[in-house]
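Peer 1: Letter 72 of the sequence shown, counting from 1, is numbered 1553 in this note's numbering, and no numbers are missing.
In case anyone wonders, no lab produced these hints; they're calculated from the structure. Cβ atoms here follow ideal geometry from the backbone N, Cα and C, with glycine treated the same way. Honestly, I wouldn't trust all of these hints.
[Unchecked claim] Computed cross-link-like contacts, DSS-like style, restricted to lysine-lysine with a CA-CA straight-line distance of at most 25 Å:
| hint | residue 1 | residue 2 |
| --- | --- | --- |
| 1 | Lys1525 | Lys1514 |
| 2 | Lys1533 | Lys1547 |
| 3 | Lys1525 | Lys1547 |
| 4 | Lys1533 | Lys1514 |
| 5 | Lys1523 | Lys1493 |
| 6 | Lys1508 | Lys1523 |
[To be verified] Derived DEER-like restraints, expressed as beta-carbon distance ranges:
| hint | residue 1 | residue 2 | range |
| --- | --- | --- | --- |
| 7 | Gln1499 | Thr1536 | 21 to 27 Å |
| 8 | Asn1491 | Lys1554 | 31 to 37 Å |
| 9 | Leu1553 | Ile1506 | 36 to 42 Å |
| 10 | Lys1492 | Leu1513 | 16 to 22 Å |
| 11 | Ser1530 | Glu1497 | 21 to 27 Å |
| 12 | Tyr1532 | Arg1501 | 25 to 31 Å |
| 13 | Val1529 | Ser1484 | 34 to 40 Å |
| 14 | Lys1514 | Glu1546 | 41 to 47 Å |
| 15 | Gly1516 | Met1542 | 38 to 44 Å |
| 16 | Ser1530 | Phe1498 | 26 to 32 Å |
| 17 | Glu1524 | Glu1497 | 17 to 23 Å |
| 18 | Gln1528 | Tyr1505 | 32 to 38 Å |
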Amino acid sequence: RLSAKEVVGNKKALTEFQDRFNTYINKQGYDLKRGISRQLTKEKHDQVSGYKQKTEYHKQMYMREKQIEDHLK
């Protein structure tokens, strides 16, 4: 049985792994940006509906679809 806890460990271990991965990738010549830790920002996870509302997701999607339709005419 595969267990994520056995592979990754706890949240701190996962964060440390992601930090090491980011460092490794950037040493290979990539410009991968690592996000700011939630512990530092004190941000809470947004619900998808709230995120879409904040970013006007549906309005943007409508405008993109309209542009595509206009372009195809």
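Peer 1: Could you run down the list of hints and mark each one as holding or not?
Peer 2: Hints, verified against the model:
Taking the CA atoms of Lys1525 and Lys1514, the gap is about 20 Å. The hint holds against a cut of 25 Å. A distance of roughly 19 Å separates the Cα atoms of Lys1533 and Lys1547; the hinted pair therefore holds under the 25 Å criterion. Taken as a hint, the Lys1525 and Lys1547 pair is broken in the structure, with Cα atoms around 34 Å apart against an allowance of 25 Å. At roughly 23 Å between alpha-carbon atoms, Lys1533 and Lys1514 fall within 25 Å of each other, so this suggested pair holds.
Restraint check: the Cα-Cα separation between Lys1523 and Lys1493 comes to about 16 Å, which is no more than 25 Å; the hinted pair holds. At most 25 Å may separate the alpha-carbon atoms for a hinted pair to count; Lys1508 and Lys1523 exceed this at roughly 29 Å. A C-beta distance of roughly 24 Å is found between Gln1499 and Thr1536, which places it inside the suggested range of 21 to 27 Å. For Asn1491 and Lys1554, the Cβ-Cβ distance of about 55 Å falls outside the hinted range of 31 to 37 Å, so the restraint is violated.
For Leu1553 and Ile1506, the hinted distance range of 36 to 42 Å is satisfied, since their beta carbons lie about 39 Å from each other. About 21 Å separates the C-beta atoms of Lys1492 and Leu1513, a value consistent with the hinted range of 16 to 22 Å. Between Ser1530 and Glu1497 the C-beta distance comes to about 32 Å, which lies outside the given range of 21 to 27 Å. For Tyr1532 paired with Arg1501, a C-beta distance near 29 Å keeps the hint of 25 to 31 Å intact.
About 27 Å separates the C-beta atoms of Val1529 and Ser1484, a value inconsistent with the hinted range of 34 to 40 Å. Range check, Lys1514 to Glu1546: about 30 Å between beta-carbon atoms, so the 41 to 47 Å window is missed. Checking the proposed 38 to 44 Å range against Gly1516 and Met1542 shows it is violated: the Cβ atoms sit about 24 Å from each other. Here the CB-CB span from Ser1530 to Phe1498 is close to 31 Å, well matched to the stated 26 to 32 Å.
Remark: the range hint 17 to 23 Å for Glu1524 to Glu1497 is upheld by a beta-carbon distance near 20 Å. A C-beta distance of roughly 33 Å is found between Gln1528 and Tyr1505, which places it inside the suggested range of 32 to 38 Å.
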